[in-house]
Structure formats: C-alpha cells, structure tokens
Amino acid sequence: MSAISPEITLPMERQRNRSLSVVSTLAARRFALTARTPRELVVPLLTPVLFALVIAPALKKALHTSASYESYVAVGTIGLLIPLNTMFSGISVLVDRETGARRELLAAPILRPLLVVGNLLVAVATTALQVAVLLGFAVLRGIHFHVTASGFLWFLAVAVLFAIAMYGIAETLAGRVSRSEEYIARLPAIAIVPWFLAGSLFPISSLPLVLAWVAKFLPLTHALALMRWGLLHDSSGLQNIWRSSNVTAMASLSLAAVAVFAALMTAVSIRVFTRTAVR
Amino acid sequence: MTTTELPHVARRDVAKPRAGIAIEVRALTKTYPGGVEAVKAIDFSVVRGEVFGLLGPNGAGKSTTIGMLTTTLAPTSGTALLAGFNVAEEPVAARQISSVVFQDPVVDRSFTGRRNLDLHARLWGVPADRAASRIGEIAAALDIADILDRAVSGYSGGQRRRLEIARALVSDPTVLFLDEPTVGLDPRIRHELLDVIAGLHAGGEVTILLTTHYLDEAELLCDRIAIMHDGRIVALGSPAELRADLGAEILELKIDGNAETALDVLQARGVAGDDAFAVGSTVTVPLRGHSAADAITAVHEIGVPATTVTTRPPTLDDVYLRLTGDRLGGD
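Chains as they are written, first to last, in my numbering: chain L, 1 to 279; chain G, 1001 to 1331.
Since the hints were derived computationally from the structure, they do not count as laboratory data. Every residue gets a Cβ at the ideal spot worked out from N, C-alpha and C, and that includes glycine. It is possible that some hints are incorrect.
Stretches of chain G that chain L covers, calculated by requiring three or more beta carbons in the stretch to come under 8 Å of a beta carbon on chain L [claimed, not checked]:
#1 1081-1095
#2 1101-1115
#3 1120-1134
#4 1144-1150
Cβ-Cβ distance ranges computed for the label pairs, FRET-style [stated by the list, open to error]:
#5 G:Asp1143 with L:Ala256: 55 to 63 Å
#6 G:Gly1035 with L:Arg179: 22 to 30 Å
#7 G:Ala1292 with L:Arg179: 52 to 60 Å
#8 L:Arg141 with G:Glu1089: 56 to 64 Å
#9 G:Tyr1032 with L:Val43: 46 to 54 Å
#10 L:Glu181 with G:Asn1058: 24 to 32 Å
#11 G:Ala1198 with L:Arg186: 44 to 52 Å
#12 G:Ser1153 with L:Arg186: 29 to 37 Å
#13 L:Arg186 with G:Ser1238: 50 to 58 Å
A few chain L residues that don't get close to chain G, going by computed Cβ distances all over 12 Å [as the list claims (entries may be wrong)]:
#14 Val43
#15 Ser68
#16 Ala107
#17 Leu121
#18 Ala132
#19 His144
#20 Phe145
#21 Ser180
#22 Gln239
#23 Thr248
Isolated chain L (complex conformation) (with noise of 0.2 Å):
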C-alpha cells in the first residue's frame, strides 16, 4: 500500500491560540480535584500558623526577645508553608499518574508542557491563598508588618518566583519516583530541611560560618531575606547575604537568583514530564 498524507494539514495556528484555553481547562480540573479534599488545603497551613501564632510568641517570651521577633518568624513561617503546599500539590500529580487520568490528559491533542503549567497554576493559586490565609492570622493575633506598595511587589514577585520553584522540585520528583510513598519518605528533606537553614527562625549570620555559606545558596534564603524586606522593610537578611549597603540591588540579585531557579526547576520538571510520562 502506498504511504498516505493528510490532504489537508490540521490548523495549528489555531491550536496554538488555543493553548490558553486548554491551560485554563486544565487548571480547573486540577482546582476541581483540589477543591474535593479540603484537607490537601488545611494540612499544609497545619505547621506554619502554628509556627507563627503559638511558638513565635513562646520563643520570644522564653527568649526575651523583641516584639518583632514575632514578625520575623511570621515570616520565616512563608518559607515552609510555600515548599510544604507545592510538595503536597506534586503528589496529585502521582494521584492522576496511579487512577490512570493521565493517560487521558496524555492522548488529548494538547502540547504536553501544557499538563505541567496547569498543575502549576493551580499550585501557585493555592499556595497564594494559603500565604493570605496566614498573614491573617497573623494580623488577628497582632503582629506587626510595615508593608508599603513596593515592598508589597518585591514580596508577591518572590513569593511567587518560589513557589514556581518548588512546583518544579515537586513536579520533578512526582516524575522520577514510582510510588506515592516514595515520595512522600522525601518530601522533608526537600520542604523542610533546608528551612531551619535560610533564616527562617534566626538570622544566618547566627549559623556556623560553613552553613551560613551553605544558606547563602539556597534559593529559600534569598527568598526569606526578600520577603522580609518587603514585608516588614528589614534588610538584614539581604545584608547577611550580599554584604552591601545597596538594598535595591541587593533585592535584585536575590529576586534574580530565585528566578533563575524557578526558571530552571520549571525547565528541568517539563523535561522530566514529558520523557517518563511517555516511555
């Protein structure tokens, strides 16, 4: 039989204007799926407000610290509950894998990267609302925060760029192991580790010189020390990294080197998707 050829070729411009809309289809499903365990939601908060509402103000009482030591680690607090609930999002991505749903996500005649920006959005959305959630909480308690309209972008740009990141890490992992408990035995070594590492309950500085130069390379601790600037206009952590009296350049460094990291993470996880998803 002689080989054959489309008569006419399918419309791939349109296809590609479609890209939006099977993003949003996506993110809703997901966000659909999401939205039917509340627990997913709730359980990442767990740590974090108890961090900051509970053992922030008992530390500063033991410890006879100041007032805005509550707002520092109220802070600090972002930087787990970012990397806890973007780690909790990856494992739908193991859900879908082990139901069989991807294997429908996968036949449909949609570019495969667009299954991974889906997740995605829906991870960035939850985690946004969950940082909200916790700012409240903090606010109700009374801790202070001194936010201004451009600290408050310098804070949203970062948080975001990281928790990009972290969807990443969790994508990739999700990819790379084959079962759900796998993924779950390394989950704190990715989410929380590092954490007691980049500023989050004391300053760097206060870390054995080695570790402190460690801290100076997570991604987190940039994070933290931009968060930080942006929401109680503290430039110490920025300091402790880069040394300078410059903030604004000190923040764009940070803010670079987290997007640098989103960027790869985001990279290296659509890589990881698309060659074990379709063997």
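Since the structure of chain L is provided, determine the placement of chain G on it from the hints.
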C-alpha cells in the same frame, strides 16, 4: 445506525485521509527500556469505516501497539499514520483526529459524567455549543442521559464503560481505539457494549481499531483481524478468511497419552496433514476434503488412544492454536 450522526465539520474537513486509509502501520517496533521487544516490525492498514481487530493473548503486544498509535508510547522504529498524520512527527494532529477507550477505567470519579464529557470536549477543542448538543446526543444514544449529572463514583462498571465510550465520541474521532473494552465486565453488560460498538460500526463514520482476546467479540465485530503473538502479526484477514485456512471441517481428538506422538502417527499414516496440530491432550486435524467418517475409521484402525473424537467447523481459536500453540480466550 444505533448511534447518532456525529460529524464535527471543522475537523472532518482537515482530517479526511487519502485513498480511504485511516490507519497505516509500517515496520512498527517497540522495545522497552531493558530490552523487552513488545512489538516487532508489524505492518497493517485499516480502511476508513472498518472495524479492525488486534487479537491475541495478554502480552502479545496489542496494548503496546495501541499505545504507540495514540502517542502515549514512543515507537522505537517504524511508522504509523492516522488519517495521514505521522504519530511520531505530528502527534498533536494525530491525537486531534482520534480518541481512545483504555483498557483500565480512566475517568475522574469525583466528577459527574457530564463534567468528564465536557472536559474531553474542551481538551479536543470542540466548540462549547457543539459540545453541549453532542453530549446530549451521545448520552441518549448510549443510554446514560439519566445518570449524566451524577458523580461517576456511583456508576456501575457498565455505566462507567459507556461513559468512557461516550467521552471518546464527543470529539467525533475519525479513528477510535478500543483497548480491551469489555474486560472485567459481567456478561450482560459486555453484550450491551458489543451492541454499542456494532452500532458505531453500522454507522460507518468512524474507523475502529479494537484489541481483544475474546474470540466472539472479534468474530462479531471485526471486518478484519490481525492475530498477534509475541509482538508479531502471525495472520491477517477477515474471520472467514482466517477460518478458511483450516478448511470447512476439523477432527478433534482427545488423547489418552502423548498427543504429540498420536499426531506423528496420524501424519505418518496420511490421516493428518502438516496443518494438524497438538496442544495439551488434544489433536486437531483439518479434514481438507476427507470425509469425517473416513477419518474417524482411520483413527480407530490405527489404534490412536483417543477418548473422544468429534468433528466441527474450525474457529478462530483453532487458527490461533495452529499458528502459535497457545490457546486464546479467558482471563
């Protein structure tokens, strides 16, 4: 036609294959990481509107073949065209004109049936107004309209399977893949689904590639069948053509002892030809113009230790046994 008219005008215009060929597979090969050769350079083509069956036991390579055609598995070598679109080079276009019902249930169980159908329509780019009317038509045709707004978690196995077929049809595919569509269903539901698939065939609008290891399904539904064994296609033709290879009638002997030895004796005495075969305790002999009475008399005269001797028309199971030595059917 028991199903509805399901044209998707925009896509039909762009996906019509030349020369009426819907699926063309050439030297398609899949070797999994680790070196397992699941599909070994198979060739076949499927005419538009045809129901084509891939028949074979578990592990024969049927699902791997469907995986490659639906672009959920990457071919190691060879080519496969869907309505002219190369699945390796134009995967999005190939997926656009096809749909698949997987062997295992693949639905979002917490969603309603309607939401599952709507999700498929959106991903396949079916316009919203078209999707709404199409979902209504298909749901009515597949008798799931009454349950469409219930969560799928409450569906029976048969209802879920119907929903999956409905979902595959929402995008009005030129090519529909059905991978073991009746596995795990009880007999009544299975026969209902066979009616649904037969209805699609009667409509003639959609080309169906069906995998199964049930002989009756293949006989009932398929215009042509490719029998797969160990990753290869070992026979291809209509059910009647395949059966005709064994003649009009066969002699089946249950042997009390070594069936291979009995077969050797029958062949040495000219009662059985080269196409006779032994599997387990059974020797099967195509009669090829010999009368059944003569053959039975010869068996008794030779003294073959047969506990039962029967004659019957050949089946696809006989065809498969002759080609592979393995018995088909049964999970």
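The hints, checked one at a time:
1. Check result for the region 1081-1095 of chain G against chain L: holds, 8 residues qualifying (beta carbon to beta carbon below 8 Å, three or more required).
2. Proximity of the region 1101-1115 of chain G to chain L, defined as three or more residues with a beta carbon under 8 Å from a beta carbon of that chain, is established by the 10 residues found.
3. Chain L is given as covering the region 1120-1134 of chain G, and this holds because 5 residues of the stretch bring a CB closer than 8 Å to a CB of that chain, at least three being needed.
4. Counting residues of the region 1144-1150 of chain G whose CB lies closer than 8 Å to any CB of chain L gives 0, which falls below the minimum of 3, so the coverage claim is violated.
5. The given range of 55 to 63 Å is respected by aspartate 1143 (chain G) and alanine 256 (chain L), whose C-beta atoms sit roughly 59 Å from each other.
6. Separation of glycine 1035 (chain G) from arginine 179 (chain L) is about 24 Å and conforms to the stated range, judged on CB atoms against 22 to 30 Å.
7. Under the hint 52 to 60 Å, the C-beta atoms of alanine 1292 (chain G) and arginine 179 (chain L), about 58 Å apart, fit the expected range.
8. Between arginine 141 (chain L) and glutamate 1089 (chain G), the C-beta spacing of about 59 Å keeps the proposed range 56 to 64 Å intact.
9. Restraint check, tyrosine 1032 (chain G) to valine 43 (chain L): a C-beta distance of roughly 38 Å breaks the suggested window 46 to 54 Å.
10. Between glutamate 181 (chain L) and asparagine 1058 (chain G) the Cβ separation comes to about 28 Å, which falls inside the hinted range of 24 to 32 Å.
11. At roughly 50 Å, the beta-carbon separation of alanine 1198 (chain G) and arginine 186 (chain L) lies within the given 44 to 52 Å, and the hint holds.
12. For the pair serine 1153 (chain G) and arginine 186 (chain L), the beta carbons lie near 30 Å from each other, so the given range of 29 to 37 Å is met.
13. As the Cβ distance of arginine 186 (chain L) to serine 1238 (chain G) is approximately 54 Å, the hint placing it in 50 to 58 Å holds.
14. Non-interface status of valine 43 (chain L) relative to chain G is upheld: no Cβ of that chain comes within 12 Å, the nearest being about 18 Å off.
15. With a closest Cβ-Cβ approach of about 45 Å to chain G, serine 68 (chain L) is found to remain outside the 12 Å limit, as its non-interface label requires.
16. Against chain G, the non-interface label of alanine 107 (chain L) is violated: not every CB pair exceeds 12 Å, the least being about 5 Å.
17. Residue-level check passed: leucine 121 (chain L) sits 16 Å from the nearest beta carbon of chain G, beyond 12 Å.
18. Against the 12 Å criterion, alanine 132 (chain L) stays outside the reach of chain G, whose nearest CB is about 26 Å from its own CB.
19. At roughly 42 Å, the least C-beta separation between histidine 144 (chain L) and chain G is larger than 12 Å, which holds for a residue marked as non-interface.
20. Its beta-carbon lying about 38 Å from the closest one in chain G, phenylalanine 145 (chain L) satisfies the requirement of being farther than 12 Å from that chain.
21. The claim that serine 180 (chain L) lies off the interface holds: its Cβ sits roughly 17 Å from the closest Cβ of chain G, which is beyond the 12 Å cut-off.
22. Every Cβ of chain G is farther than 12 Å from the Cβ of glutamine 239 (chain L); the closest lies at roughly 49 Å, confirming the non-interface assignment.
23. Chain G leaves threonine 248 (chain L) outside its interface by the beta-carbon criterion, the shortest separation being 44 Å against a cut-off of 12 Å.
Hints 4, 9 and 16 from the list above are not met by this structure, while the remaining hints are.
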